[in-house]
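Q: One line per chain: the protein sequences are D and B, in this order.
Following the UniProt record's numbering from start to finish, the first sequence increments by one per residue and tops out at 133.
Following the UniProt record's numbering from start to finish, the second sequence increments by one per residue and tops out at 133.
Source of the hints: derived by calculation from the structure; they are not laboratory data.
Even glycine gets a Cβ: it sits at the ideal position worked out from N, Cα and C.
Hints are supplied without guarantee of correctness; some may be wrong.
[To be verified] Far from chain D by the CB rule (all over 10 Å, computed), these chain B residues:
hint, residue
1, D30
2, G33
3, R50
4, K51
5, E56
6, A78
7, G92
[Unchecked claim] Label pairs and their computed distance ranges (CB to CB):
hint, chain 1, residue 1, chain 2, residue 2, range
8, D, R50, B, A78, 28 to 38 Å
9, D, R91, B, C22, 22 to 32 Å
10, B, R102, D, S96, 46 to 56 Å
11, D, T103, B, G29, 37 to 47 Å
12, D, H11, B, R26, 16 to 26 Å
13, D, R70, B, V7, 20 to 30 Å
14, D, V85, B, R102, 52 to 62 Å
15, B, C22, D, V7, 11 to 21 Å
16, D, R70, B, R26, 14 to 24 Å
17, D, A78, B, C22, 24 to 34 Å
18, D, T98, B, A121, 37 to 47 Å
19, B, T98, D, V85, 55 to 65 Å
There are 2 protein chains.
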Amino acid sequence: MDERFVVDTWHYVLARHAKAMCALERELGDRHGLGPSEFEVLDRIVHHDRKLRIQELCDEVHLSQSALSRVVARLEKAELVSRGVCDADRRGVYVSITDAGRTRHTEALPTHRAVLLQIFADAPAPGGTVSRR
Amino acid sequence: MDERFVVDTWHYVLARHAKAMCALERELGDRHGLGPSEFEVLDRIVHHDRKLRIQELCDEVHLSQSALSRVVARLEKAELVSRGVCDADRRGVYVSITDAGRTRHTEALPTHRAVLLQIFADAPAPGGTVSRR
DNA sequence: CCGAAACATATGCAAATGCATTTACCGAGG
DNA sequence: CCTCGGTAAATGCATTTGCATATGTTTCGG
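Turn these sequences into a full structure, and let the hints steer you where they fit.
A: In structure tokens form, the structure reads like this:
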């Protein structure tokens with residue numbers, strides 16, 4: 001294992017993450033009133049196209065369970081998602097997207113993609129890229 | 001540019017960043033009493049092997065100027081760096097590493113590298129890497 | 001059927017961060 | 001020499017996050 005390669009990869013990840021997060025926060029926030037975490041949660045729900053358990057979301061977004069709980073609470077307050085108890089297991093909570101949430105996501109998606117494109121289009125990871133996956 | 005590739009790259013960056021940050025926080029914190037930001041600042045100074053202006057550090061670490069100011073304040077309180085006014089431009093501040101800081105960095109470096117190795121050794125970015133997979 | 005252990009989610013709290021502002025200083029122009 | 005616009009760093013403040021814990025619910029052994 002080349003230690004140099006590992007450290008270079010880490011620096012790449014740090015730099016792109018900082019740049020992208022900063023840009024996403026600015027663009028999504030100014031144009032759509034969403035933070036990156038909020039967008040990510042909306043995006044996961046839309047992607048699955050069904051109501052999800054908090055727990056399922058927890059596995060997909062990179063947030064602690066408590067942070068996720070609060071993101072969902074903010075989204076609910078903004079009427080972009082709604083929470084409902086799970087009948088089968090009443091400890092659980094289902095989160096489903098509202099019409100407003102779907103609309104907001106549709107509006108924000110192009111902004112999100114544009115930011116990522118600008119940041120990653122010409123920035124292959126250390127080691128170079130060949131094709132895909 | 002393939003939009004799919006860009007989004008995959010973003011997910012890769014998000015996942016590795018979260019995983020590495022979490023592990024670094026745990027390992028560096030438990031074993032050496034340092035946070036990732038604190039280590040990064042120490043590491044930059046050691047790498048240059050001279051006293052640096054806050055501003056120079058600001059260009060190299062992925063923190064806002066205010067966050068950096070506070071990280072340096074914490075490091076100073078822990079006696080790992082010392083601050084001194086810059087004679088040439090008395091608005092500026094020089095940060096230099098202390099012996100204790102150098103020692104701490106030397107101790108922490110293997111931990112840092114071990115964490116990165118574990119996380120990045122077999123995890124090429126989307127697009128794959130030319131050399132090893 | 002009961003009680004204990006395990007679980008899913010929410011919440012109290014402390015820490016870290018970014019933005020806006022403040023403070024101190026430099027440098028050019030009148 | 002003095003003032004004004006700009007720069008370097010520090011600080012007030014609000015927000016987000018994670019950890020530890022609380023609350024409510026299920027499940028399993030006896």
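Q: Could you run down the list of hints and mark each one as holding or not?
A: Now the hints, each set against the structure:
Interface exclusion of D30 of chain B from chain D stands, the closest Cβ pair being 18 Å apart, more than 10 Å. The beta carbon of G33 of chain B is kept farther than 10 Å from every beta carbon of chain D, the shortest such distance being approximately 21 Å. For R50 of chain B, the condition that its CB be more than 10 Å from all CB atoms of chain D holds, with the nearest at approximately 21 Å. No beta-carbon of chain D is positioned within 10 Å of the beta-carbon of K51 of chain B; the least distance is around 23 Å.
Separation of E56 of chain B from chain D is adequate, the least Cβ-Cβ distance of about 17 Å exceeding the 10 Å criterion. Annotated as non-interface, A78 of chain B keeps its C-beta farther than 10 Å from every C-beta of chain D; the closest such distance is 23 Å. The claim that G92 of chain B lies off the interface holds: its Cβ sits roughly 24 Å from the closest Cβ of chain D, which is beyond the 10 Å cut-off. A hinted range of 28 to 38 Å is violated for the C-beta pair R50 of chain D and A78 of chain B, which are about 50 Å apart.
For the pair R91 of chain D and C22 of chain B, the supplied restraint of 22 to 32 Å holds, since their beta-carbon distance comes to about 26 Å. For the pair R102 of chain B and S96 of chain D, the beta carbons lie near 55 Å from each other, so the given range of 46 to 56 Å is met. Against the hinted window of 37 to 47 Å, the Cβ-Cβ separation of T103 of chain D and G29 of chain B comes to about 43 Å, which satisfies the hint. Here the CB-CB span from H11 of chain D to R26 of chain B is close to 21 Å, well matched to the stated 16 to 26 Å.
Between R70 of chain D and V7 of chain B, the C-beta spacing of about 26 Å keeps the proposed range 20 to 30 Å intact. Our hint of 52 to 62 Å for V85 of chain D and R102 of chain B holds, since their Cβ atoms are close to 56 Å apart. Distance hint check for C22 of chain B and V7 of chain D: the Cβ-Cβ separation is about 18 Å, which falls inside the suggested range of 11 to 21 Å. Look at R70 of chain D against R26 of chain B: about 22 Å separates their beta carbons, and that is inside 14 to 24 Å.
Our hint of 24 to 34 Å for A78 of chain D and C22 of chain B holds, since their Cβ atoms are close to 28 Å apart. At about 43 Å, the CB distance of T98 of chain D to A121 of chain B agrees with the hint of 37 to 47 Å. Against the hinted window of 55 to 65 Å, the Cβ-Cβ separation of T98 of chain B and V85 of chain D comes to about 56 Å, which satisfies the hint.
Consistency note: the structure conflicts with earlier hint 8 alone.
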